[in-house]
Amino acid sequence: MGKEKVHVNVVIIGHVDSGKSTTTGHLVYKCGGIDQRRLERFAFSAAQMGKSSFKFAWVLDKLKAERERGITIDISLLQFNTQKYTMTIIDAPGHRDFIKNMITGTSQADVALLVVSSAKGEYEAGVSRSGQTREHALLAYTLGVKQIIVCINKMDLTEPPYSQKRFEEVVRGVSSFLKKIGYDPATVPFVPISGWTGENMIAMPWFQGWKARRREGNASGRTLLEVLDSIQPPVRTINKPLRLPLQDVYKIGGIGTVPVGKIETGILKPGMTLMFSPAKLTAEVKSIEMHHQGLETALPGHNVGFNIKNVAVKNLRRGDVAGNAQQDPPSDVSSFEAQVIILNHPGKLKVGYSPVLDCHTTHVTCRFAELKEKLDRRTGKKLEDQPQTLISGDAATVKLVPIKPMCVESFFTYPPLGKLYLCCYLCC
Amino acid sequence: MCSVDFLAQEKIWFDKLRFDEAEKRFYEWMNGSSQQTQVSALSDRSMVDGLRAALSKLEGRVAVLEKFPASTTPAPTPSQKSSAPVKEEEEEDDDDDDDLDLFGSDDDEEAEKLKEQRLKAYAEKKAKKPTLIAKSSILLDVKPWDDETDMVKLEECVRSVQADGLLWGTSKLVPVGYGIKKLQIACVVEDDKVGTDMLEEEITKFEDFVQSVDVAAFNKI
Numbered sequence: 001m002g003k004e005k006v007h008v009n010v011v012i013i014g015h016v017d018s019g020k021s022t023t024t025g026h027l028v029y030k031c032g033g034i035d036q037r038r039l040e041r042f043a044f045s046a047a048q049m050g051k052s053s054f055k056f057a058w059v060l061d062k063l064k065a066e067r068e069r070g071i072t073i074d075i076s077l078l079q080f081n082t083q084k085y086t087m088t089i090i091d092a093p094g095h096r097d098f099i100k101n102m103i104t105g106t107s108q109a110d111v112a113l114l115v116v117s118s119a120k121g122e123y124e125a126g127v128s129r130s131g132q133t134r135e136h137a138l139l140a141y142t143l144g145v146k147q148i149i150v151c152i153n154k155m156d157l158t159e160p161p162y163s164q165k166r167f168e169e170v171v172r173g174v175s176s177f178l179k180k181i182g183y184d185p186a187t188v189p190f191v192p193i194s195g196w197t198g199e200n201m202i203a204m205p206w207f208q209g210w211k212a213r214r215r216e217g218n219a220s221g222r223t224l225l226e227v228l229d230s231i232q233p234p235v236r237t238i239n240k241p242l243r244l245p246l247q248d249v250y251k252i253g254g255i256g257t258v259p260v261g262k263i264e265t266g267i268l269k270p271g272m273t274l275m276f277s278p279a280k281l282t283a284e285v286k287s288i289e290m291h292h293q294g295l296e297t298a299l300p301g302h303n304v305g306f307n308i309k310n311v312a313v314k315n316l317r318r319g320d321v322a323g324n325a326q327q328d329p330p331s332d333v334s335s336f337e338a339q340v341i342i343l344n345h346p347g348k349l350k351v352g353y354s355p356v357l358d359c360h361t362t363h364v365t366c367r368f369a370e371l372k373e374k375l376d377r378r379t380g381k382k383l384e385d386q387p388q389t390l391i392s393g394d395a396a397t398v399k400l401v402p403i404k405p406m407c408v409e410s411f412f413t414y415p416p417l418g419k420l421y422l423c424c425y426l427c428c
Numbered sequence: 001m002c003s004v005d006f007l008a009q010e011k012i013w014f015d016k017l018r019f020d021e022a023e024k025r026f027y028e029w030m031n032g033s034s035q036q037t038q039v040s041a042l043s044d045r046s047m048v049d050g051l052r053a054a055l056s057k058l059e060g061r062v063a064v065l066e067k068f069p070a071s072t073t074p075a076p077t078p079s080q081k082s083s084a085p086v087k088e089e090e091e092e093d094d095d096d097d098d099d100l101d102l103f104g105s106d107d108d109e110e111a112e113k114l115k116e117q118r119l120k121a122y123a124e125k126k127a128k129k130p131t132l133i134a135k136s137s138i139l140l141d142v143k144p145w146d147d148e149t150d151m152v153k154l155e156e157c158v159r160s161v162q163a164d165g166l167l168w169g170t171s172k173l174v175p176v177g178y179g180i181k182k183l184q185i186a187c188v189v190e191d192d193k194v195g196t197d198m199l200e201e202e203i204t205k206f207e208d209f210v211q212s213v214d215v216a217a218f219n220k221i
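Line order of the protein sequences matches chains A and B.
For the first sequence, full-length UniProt numbering assigns the number 1 to the initial residue and increments by one for each residue that follows.
For the second sequence, full-length UniProt numbering assigns the number 1 to the initial residue and increments by one for each residue that follows.
Next up, chain A with everything else stripped away, as it sits in the complex (with noise of 0.2 angstroms):
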């Protein structure tokens, strides 16, 4: 087996007209991630119709359209490779239950790709009261995204084509908002493209001045492709305590009880005494499945399915956490402070405020115990103590109190266990 490369997902945000799909779709298509025999396909099919010239935003829409009519199941679709990453794009739906998902979900971003159409009225659009730019750059920043790329795109479109000067202008702005969401603009690289005619890499020639500046002579920050691969790989949380949250406890016949998870932080190996936690139990793994396969050793990141002994399925569930027993077992709370941020939310809210709340695989309802203190959600510095009431847009520390037994880890020590969705606002 040859040395992977390390795997990076990088979630795509931006207006709805400012052509991320298009500039998702020329990445993917560049970088290899449409397989050479699809490509054939098209070529034939496109060589049929008499539009041999094959062009690329054919070929975009072709996919589009199989996508559409859901033939297309291969999530590999939106995986391409750079130099250094294979690259997972996740392409954000404008959908309501997409924030949810990103924030519980398998699935989390290491990067975001922030697509800024420069194209006349539509940065404007984009930037306004109504659109949705800040909304999806404060997104990523609460979702703990840190690293975070401009593509100022659509330059193909400035009056005159690929405009310096609403190229700077555009990136004024950007970052000036940016600042306000709590990135820091200087680390933060701006990329002019057009992922229409395919030029984030190529053309514009008074771009090159811009690279040395920002990255002091180092050789990355021309092109998006060198971006990408700029970036800071995610860390992998292998030296910590075994944290493994069940989805599903399955019971096979000759074999016995079969959690499934997906580990979030540590090794498990068979031998290992497992604790699950809050069901308070201590088991011993007899092995290891992935994929079928036998496994020696599951490292963060493998969704495997374990054996275990002495344990009825009944008394396990999805939401219960493994834990090694000798090595800081998990365990349950019967309260916890969060720092909340509240997002969307129409009424204020007060001690009592009961949402469910969905952290990594469990699902439990959760009272407002305590309104601590109001913070500056940029800073962390503190506001107010005590607050009556908080309203969208605030962060705070709050006290919440589970309805039943749940476990919950530090954000700090434990970060895919202590990301929190509560109904309509997220914590971390």
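Any given hint might turn out to be false.
Unchecked claim - Short derived list, chain A residues pointing at chain B, Cβ under 7 angstroms:
1) P93
2) H95
3) E124
4) I255
5) H291
6) L316
7) R318
Rather than coming from a laboratory, the hints here were simulated on the basis of the structure.
Here a beta-carbon is modelled for each residue, glycine too, at the ideal position from N, C-alpha and C.
Got chain A sorted already, so can you dock chain B onto it with the hints?
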């Protein structure tokens, strides 16, 4: 004679300066005429305007002063001459500041106007474009209870879930381990009509077959 001959044969270009001058003038005329004169005309005009504005302001001010302090300053006429230039300068300074401010706000206004204009143009363009229905493609993992669950039946159940704006796509069975397989099924939903919670609820209603449902991938179309 000799000396003159010598000079005639000399290759020094005595009147190069004149040619240069002519050349310079020619090129100036060629290029500069349109721009330079325009620019100078523009600047001239703006200067004239500025001066005119300053003058009218000054006149107004003087008129006010004449009316107002007539009693307090009994002999303004002789001093006026001496104070006038100073005043003028002052006035002009003020004027400049005003102008600057004016221009500044003008710029802002203009930028604002431009922005609005662009927004409007965008809205118009948008209105013309047929509104696309936002759709997402969701990949669901549907998990059975054990290795004996009838996956064909399970898939039938899942596909029996019907809703406006929901389209089931292809599916496949993915091995999990110990003989268990999960059903991975794609669906296309209209963003405004179908939510993941609803899907999850509807599918988990078949509790004889389904243990849990997870969203494996969620993408925009």
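Status of each hint after checking the structure:
1. P93: holds, 4 angstroms
2. H95: holds, 4 angstroms
3. E124: holds, 5 angstroms
4. I255: Status holds, d = 6 angstroms.
5. H291: At about 5 angstroms, which falls below the 7 angstroms cut-off, the nearest Cβ of chain B leaves the hint on H291 (chain A) intact, so it holds.
6. L316: With Cβ-Cβ at 12 angstroms, over 7 angstroms, it is violated.
7. R318: holds, 6 angstroms
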